[in-house]
Each structure stands twice: as structure tokens, then as C-alpha cells.
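Position chain B against the provided structure of chain A, taking the given hints into account.
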Amino acid sequence: MPVLLTSLDPLVAALRADGYRVVGPTVRDGAIVLAELDRADMLPYGWGVRLGPGGYRLRERDDRAAFANSAGPQSWKQFLHPPRQQLWSAERDSDGGFTVAEPADEPPRYAFLGVRPCDLRAISVLDHVLGAGADNRYARRREGIFIVVANCTEPGETCFCVSAGGGPGVGPGHDGAGYDLALTELADDDGVRYVVDAGSEDGWRLLDRLPYEAAEPPTTARARDAVARAADRMGRTLPAADLRALLAGTLEAARWDDVAARCLSCGNCTMVCPTCFCTSVEDTTDLTGDHAERWLRWESCFDLDFSYLHGGPVRSSRRSRYRQWLTHKLGTWHDQFGESGCVGCGRCIVWCPVGIDITEETHALAAEYEASTDDRGGGAQR
Amino acid sequence: MSAPPTLAVWKFASCDGCQLTLLDCEDELLQIAGAVRIAHFLEASRAVVEGPYDVSLVEGSITTAADADRIRRVRDRSRILVTIGACATAGGVQALRNFADVEEFRSVVYAKPEYVATLADSTPIAAHVPVDYELRGCPIDRTQLVNTLAALLAGRRPDLPMHSVCFECKRRGTPCVMVAKGIPCLGPVTAAGCGALCPAYGRGCYGCFGPAATVNADALTAQFRVLGMDQAEIERIFATFNVAAFKAATTPGAPEEHAAPAFLGMPQVRRAE
Chain A
1 MPVLLTSLDP
11 LVAALRADGY
21 RVVGPTVRDG
31 AIVLAELDRA
41 DMLPYGWGVR
51 LGPGGYRLRE
61 RDDRAAFANS
71 AGPQSWKQFL
81 HPPRQQLWSA
91 ERDSDGGFTV
101 AEPADEPPRY
111 AFLGVRPCDL
121 RAISVLDHVL
131 GAGADNRYAR
141 RREGIFIVVA
151 NCTEPGETCF
161 CVSAGGGPGV
171 GPGHDGAGYD
181 LALTELADDD
191 GVRYVVDAGS
201 EDGWRLLDRL
211 PYEAAEPPTT
221 ARARDAVARA
231 ADRMGRTLPA
241 ADLRALLAGT
251 LEAARWDDVA
261 ARCLSCGNCT
271 MVCPTCFCTS
281 VEDTTDLTGD
291 HAERWLRWES
301 CFDLDFSYLH
311 GGPVRSSRRS
321 RYRQWLTHKL
331 GTWHDQFGES
341 GCVGCGRCIV
351 WCPVGIDITE
361 ETHALAAEYE
371 ASTDDRGGGA
381 QR
Chain B
1001 MSAPPTLAVW
1011 KFASCDGCQL
1021 TLLDCEDELL
1031 QIAGAVRIAH
1041 FLEASRAVVE
1051 GPYDVSLVEG
1061 SITTAADADR
1071 IRRVRDRSRI
1081 LVTIGACATA
1091 GGVQALRNFA
1101 DVEEFRSVVY
1111 AKPEYVATLA
1121 DSTPIAAHVP
1131 VDYELRGCPI
1141 DRTQLVNTLA
1151 ALLAGRRPDL
1161 PMHSVCFECK
1171 RRGTPCVMVA
1181 KGIPCLGPVT
1191 AAGCGALCPA
1201 YGRGCYGCFG
1211 PAATVNADAL
1221 TAQFRVLGMD
1231 QAEIERIFAT
1241 FNVAAFKAAT
1251 TPGAPEEHAA
1261 PAFLGMPQVR
1271 RAE
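Sequence order for the protein chains is A and B.
For the first sequence, this note's numbering begins at 1 and goes up steadily by one.
For the second sequence, this note's numbering begins at 1001 and goes up steadily by one.
Please keep in mind that the hints were generated in silico from the structure rather than gathered at the bench.
Here the structure is a predicted model, which is why all the values come from computation and not from measurement.
All C-beta atoms, glycine included, are put in the ideal place defined by N, C-alpha and C.
Honestly, I wouldn't trust all of these hints.
What the hints assert, rightly or not - Chain B side only, calculated, beta carbon under 8 Å to chain A, not exhaustive:
no., residue
1, Glu1028
2, Gln1031
3, Val1179
4, Pro1188
5, Ala1239
So that you can see chain A by itself, here it is in the shape it has in the complex:
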């Protein structure tokens, strides 16, 4: 049964008391970023956002809601798969050899507060790609993270999680697990309250230590209804077609030239994408040559160097690089990992400096595909 919290202060305090570093949304540099929170009052109470292709603005809300906004410039990838991490270091021995050591530091023990359902799916996608449960660096970071979901009651103009196969809520009546607590925020004249569902034993144990009240059925119903209505208010959609077939069938579409003319190839879409995972390595040596390090850093398929093989880059045109990104994200990700790489968070639309819209591009490809299959009289591939 859900319970009611009238404040998140005890939740943040309890998580911190348990040794978690609590990370959640907070306002900085004109955006709602993800940062370590000392206290619940660092959450973006009273802030909403206005989103569009290539545009993001904070706006003051009439209420004090902290979660009535949508995905910001960062995702949880920042913490699970950091932009730069050391793989190993090496010291020269007195006999001229090298001793190589992995970093000994334990990964931080995070509690993620305010994970959107789309981002919960993105974490699951990363788990499948980077190997949660395996004996690796990602798994060590991932293990033991306490996840507090914030269900969406106010989707953004660029949101399309529903048509990407997800939805704005987790909890009873919704698919999936993978979280410890799920909050649904209610903000009105009575202030801000949270209907809370537990999704794990750890979640229950933590909840038991908080000063919760019983959630009256009408309050719970209001919360459930707000999430259900959010599903109908998505700002955008992906085509209802089989995207894997669509992308495989449009490799020579004219639309790729069109989008290539607008694309900066700057890599922003891949950096803000909560599932884009590509990396490259950089080596450093010090001036004495006695100490060397190898670091992993975020890389992007929009970098010319990304596809560099002997003699030159394989994907030398913007057209080929944008096509690589989109066909992988929506199409060949299925072949590789058995699911889509897109969760419909809309970040790539908002944070593209020139506002290229993945849903618009995919609809255009679908229209071109449909026209071409109609021309062939029958649309056999549909």
C-alpha cells in the first residue's frame, strides 16, 4: 500500500545517514542539473521548464512542485558511466619494468533521487550494454545504488516516452521494477505531498524509518490519475511503425542529406543521451616518463576520429555519421541488445544547438519509406 510523505527532508537525511551520496535535481546555470544534495531544500521547488528544439528555459511555477519539470541537460549516465575515469596507472620499476595498477578507490555509494521513468529505463539499457552483474567497473558503480523514482505528472514539450515504449509512471499498474521507492508529487494549496510506493525490500526498510502517514484512497487516486493523464499529454511521438525495419529500409533515403545539411556534427545529442555509451581511451605520461596513466573518456560517433581506421575515417560525411547514430539508436540496437536504445526523454531534441528533432526526422523517414513502398505497389515490407 502506498504511503504519504509531506516532506522529503527526512528521506534525504535518512539516506545520508546510511552513507549514501544523494544525487538529485537542483537549479544551476539556468537549468535543472543533477548534483549532490545535502538537503531536500536544494531540489528545484517551484521551478518548471519550457522546452523546444534547441531551447530550454526555466520558468517559475505557481506552485512549489519540485518534480513538475522534465529531463535536464544531464542524465544518470554522468554518475554510472562517468565522462572520464582512470583505467590504470603504471610506475616504472627500478629494474626498468613497469608495475600496472587499477585505481583502488571504491566507487561512491549513490542514492539517485528523482529518477524519471524514462531514465529508469535508460539505466536498464545501460545495464544491458555495460554489464551490470558482471565483474567490471560499471557493475561496481551500479551495485547498491538506491533509486528513488519521481513519476511524471507534467511531461515536457519534447517528451515521447509513451511512443518509445515506456510511460510516465512506475508503481502498481505499471510494468517494470528496478527502483526502491517511487514518488508521485501532488502540489496544490495544501502544499507539496508525495504518494510513495516501495519497489524493493530496501525501499520498505527505509520507508519504515520515515514519518509517513497513511495515503487516503482519494489522495492515492489523484496521484494515479495525474500520472495516467500525463501519458496522454506527451509533446511528441515516434512513428508507430516497426522502427527496426524502417531504419533498415531507409539507408539511402533523401532525408539523410536534408538532416546532414542542418547537423553540426558537434556530438551534443550523443553526450546528453542517457544511453549513448561510447568511449575512447587517452594515455598520459609525465615528463619524467616514470608514470603513465590510461583514461576512458566519453566519445561520440559524430567525431571524425571515432571511425578512424587505417587510412582515414570510415564515416567521413555528416550524413553518414548522423545516419549511424539514428540507425543504431532506433534500429540496430535491437539486433545488438534486444531492445531500442531510445527511451523518449527528448534530451537530444532540446540540447541540439540547432534543434534537430529525432521524432521529426524519424517521421520524415517513415513518410519517405511509405511513399517508396507504395510506389513499388504493395508495401511488402510494411
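The following block gives chain B in isolation, referenced to the frame of chain A:
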């Protein structure tokens, strides 16, 4: 034990700011002095050791016939030649003359213009001699300089990525100033290497590292217009320290990928000859 490698620093048409970056390496300066023999660096010492030199750092652009000769002699005596800064890699802000009448400037600026011997264009070092590596920037980035010297000492290729500044903004967690604040920013078309310094302080990138490996200026200027810039402002934002390089990269008909790709284990830039 063999003698330490020799390092020479050369100045052409420039403000000295990039050379000063070497002296500004406070934490590493003693280590650098211990790892190499500084054989020619007039900004730091009048003591000069004759070449050849293992590594030459070259600052400044070529603006006179005499300098066009001198850079060839520097190249002849240098095993590895690294150009440092926007003047050496792109002609610098003084390359604004390339798009104006240098005679007019000379007659207006100097009391005795007949004493001034200058070329019509300010050109990068790579237009005159082969260059092994380029450090971009106005000024160059200190960390990139130290890392490059360390790489050359170790005999490995320096890590000098040519992707956009956006990579670095995103890696350091800076929300995009163009998207979140509507501030025009050259980051999407500018080479990384500075650590995305300006956006971290809430201002747009002004392109001091010059064009990234790929530049789609038409797409970016279309967005600048949406943000309210007029044509004169758009021309001006590109016309600073790397004016000649951005002009070349944004001229209609310029190849989509204007910069040569990095060659693994091979010198990065060798444009002349």
C-alpha cells in the same frame, strides 16, 4: 646516459602570449627544465645553443619576406616542429588584413610607412613549411602544452582531439549556454582543447581554438539568426583570432571535412609542400 633532448622556442608575428604559457607552467616548469635542454628561448634566456633541435615550438604568423625565409631555416634545424597558438596555426587576428587593403592600413597606422616592409597576407606556419603538430588557441592551453611535451618525450603521439568544444562542455557538466540562455556560441564548430573554459563561466565560445575537424557554418549561422544576430554580427563573430581558418572552412564549396584527419603515429599536420 644520453644528453636530454633540446627544445627551442621561436617567435614570429605574435604577442608572445603563447610563449609565456610555457613560463606560466609553474608546477611543471622545473620538471620541463629537468627533462629537456632549453636551447633557444629568448623570452626566457639570452643564452642560445646552436641547433639542430629535437623539438621547436613556433609562435606567430608569417607577415614578412624575411620571416618567410627564417621559418625555413628553423624547420631545417628542427626534428619535430610544433606550432603554438592561433597566429602560428591560422595567421592570427592580424590575418584580418588578408580581407582588406594592407597598403591602406600601412599608410594610416605608421608615421613613416616606407620603413615598414610587410606582406599582403598573414599566413600560418604550415603554409610555408611542414608542421608536425599544432597547438591551437589564443593563447594555447597550458595542460595541452605540457601533455604534448610529455608525449614527445615519451615518443608517443600527443592527444590533440579535433572534435567540438561541446564534447568538453558536456564532459564537465556545463549546461549549453546557447540552448539554456540563448547566448551565441562557436563551440559546435570550434576545436576542443581548452576544456570548454568560456561556457563554464557563462559566456559563448569565441572560437579561439579555430575550426573543429568538421564545420557546418551555414547551420550554425542559421541558428544565430534565430537568436537575433544580424549579418554583420555573424561575420564579426567568426572574424577574430582564427579569421582566415574560419573563412577557409566556411567558404561556400569548402570540403565538408576541411581538416586532414589525424594519422595514427604519424605527424598530424604537414600542409606545405
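Structure-based check of each hint:
A hinted interface residue such as Glu1028 (chain B) counts as satisfied when its beta carbon comes closer than 8 Å to some beta carbon of chain A; here the least separation is about 7 Å, so the hint holds. For Gln1031 (chain B), the suggested interface contact is upheld, since its CB lies about 4 Å from the closest CB of chain A, less than 8 Å. Interface restraint check: Val1179 (chain B) against chain A, minimum CB-CB distance 5 Å, threshold 8 Å, status holds. Interface hint at Pro1188 (chain B): satisfied, since its Cβ lies 4 Å from the closest Cβ of chain A, which is below the 8 Å cut-off.
Hint status for Ala1239 (chain B): violated, given a least beta-carbon distance of 20 Å to chain A, over 8 Å.
Of the hints listed earlier, the one the structure fails to meet is number 5.
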